Every structure is written in C-alpha cells, then in structure tokens.
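*Asks:* If you read the protein sequences in the order shown, they are chains P and F.
Here the first sequence is numbered in the working numbering, starting from 1 and rising by one per residue.
Here the second sequence is numbered in the working numbering, starting from 1 and rising by one per residue.
Treat the hints as calculated values from the structure; they're not laboratory data.
Mixed in with the good hints there might be a few duds.
Unchecked claim - In the EDC-like style, the derived pairs of lysine to aspartate or glutamate whose C-alpha atoms are separated by at most 16 angstroms in a straight line are: (1) F:K109 <-> F:D85; (2) F:K109 <-> F:E88; (3) F:K49 <-> P:E102; (4) P:K57 <-> P:E75; (5) F:K49 <-> F:E95; (6) P:K57 <-> F:E95.
In this text the structure is predicted, and so the values were computed from the model without any measurement.
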Amino acid sequence: KAGVTQTPRYLIKTRGQQVTLSCSPISGHRSVSWYQQTPGQGLQFLFEYFSETQRNKGNFPGRFSGRQFSNSRSEMNVSTLELGDSALYLCASKAPPAGGYEQYFGPGTRLTVT
Amino acid sequence: AQSVTQLGSHVSVSEGALVLLRCNYSSSVPPYLFWYVQYPNQGLQLLLKYTTGATLVKGINGFEAEFKKSETSFHLTKPSAHMSDAAEYFCAVSEGGSQGNLIFGKGTKLSVKP
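Next comes chain P alone, as it looks inside the complex (with noise of 0.2 angstroms):
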C-alpha cells in the first residue's frame, strides 16, 4: 500500500498571503490529522477529519482550516500568513478499528513564511 503523501514538500509564502496544503492518505483510511512541528513549540495537533466531517480541533485561530473530500483527501488551509506560521505541517491518517487505530504520518509539507 502506498504511504500517506502530502504535496507539495516544500513552500516559500510572504507575510499576509494564504496557502492550501494536501494530503492523501493511505487508501482505507477514513481519518486524517493535521498537526504542526516547529522548533518551539513542538508537535502540536490542529485538526481531524472523519467522513468529511471535523471532528477534533486543537488550539489555533480560526486562520487554520481544513476541509475533507469523499475520497478521504484533505486539504487545510492558513490565510493571512504569519511569519509565525512558518512550520514543518505534517498530516496523519489513521487506521480503522481494525487496524489498531495507529496514526501513519506524511513526510510534511515544510512552509517557510517570510
């Protein structure tokens, strides 16, 4: 089976603009997580989608969203860009019961806002 992919790796942004993210899972699964990596703060979790629906947020501003298709590819988006926002963004999908519930990662999308 193929890995979970994101495209594009990697991503130059200016201050003030927006930038839409994908990712495809691994094919089965239905749930995918988006989380955050910077040198700062760590991994942290921003959002999950299951059957096109959000179902878990984390704690960032409203200028972080996502989306889910029927095929299970998601997309998420950050408008008004910061230099803040500069961040290894990595998605995960997650196997289904069956599977044990284990989340397989992307290898990122690295933006770099300046």
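Once you've looked at the hints, dock chain F against the given chain P.
*Replies:* For chain F alone, kept in the frame of chain P given last:
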C-alpha cells in the same frame, strides 16, 4: 488534561551501548502510548505502541518500551545502539483513548558516537 514529558532533549551514546529514552505521561484515563522516530527532513515513523495487555512492548529496529502505570512512565530502550539510530524520538499519548488525537512530548535527539 493529558501531557507528556520527555527527560533530556539530547542524549548521546556510543555505538553498541544501551539506549534509554525517558517518557512520563499524565492521563486521567487509561492511556494509549506511542513512540515515534523522525529522521531529518522526514515525517514520523511509528516505533511501537501500548494500548492494553502486555506491558512490555516490542517494536521495530530492536526497540522496546515498558508501560509502568505506578510510575506513569513509558521509557524506550534498545540494548545496543547503532549509528543508524541517530534521530529524534517522540513519545506521545492519545487523548481520549483509541480515537483521540496525539499529544507529543518535546522530543529527544539521540546521537550515536562511533
């Protein structure tokens, strides 16, 4: 609220020596615990997990961890370090049991000296 503390942001061992990475957690419900490894410019790879049952858990690449409820610990060990083990290691607890999002520790960077 659940939390994870990893003692030591950097650990250095010699090749062939014991690897011990410490993790303590706080959880008001029976925890699901995980260890992930991250190599430079890559996503997270699951090393091992504890959900229920046997408290000594074996993972990939010769790693194992023991769940000790009385000490609220889930330390990661490997009897003999290899150069390829140099990476960053993250302990995580699943918030809300089997379907929750992951709460990560700050990570421990492992260096292996020849």
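*Asks:* State for each hint whether it applies.
*Replies:* Hints, one by one, checked against the model:
{"no.": "1", "hint": "F:K109 <-> F:D85", "in the structure": "holds (10 angstroms)"}
{"no.": "2", "hint": "F:K109 <-> F:E88", "in the structure": "holds (4 angstroms)"}
{"no.": "3", "hint": "F:K49 <-> P:E102", "in the structure": "holds (8 angstroms)"}
{"no.": "4", "hint": "P:K57 <-> P:E75", "in the structure": "holds (15 angstroms)"}
{"no.": "5", "hint": "F:K49 <-> F:E95", "in the structure": "holds (14 angstroms)"}
{"no.": "6", "hint": "P:K57 <-> F:E95", "in the structure": "holds (12 angstroms)"}
Violation of the numbered hints given earlier is absent; every hint is satisfied by the structure.
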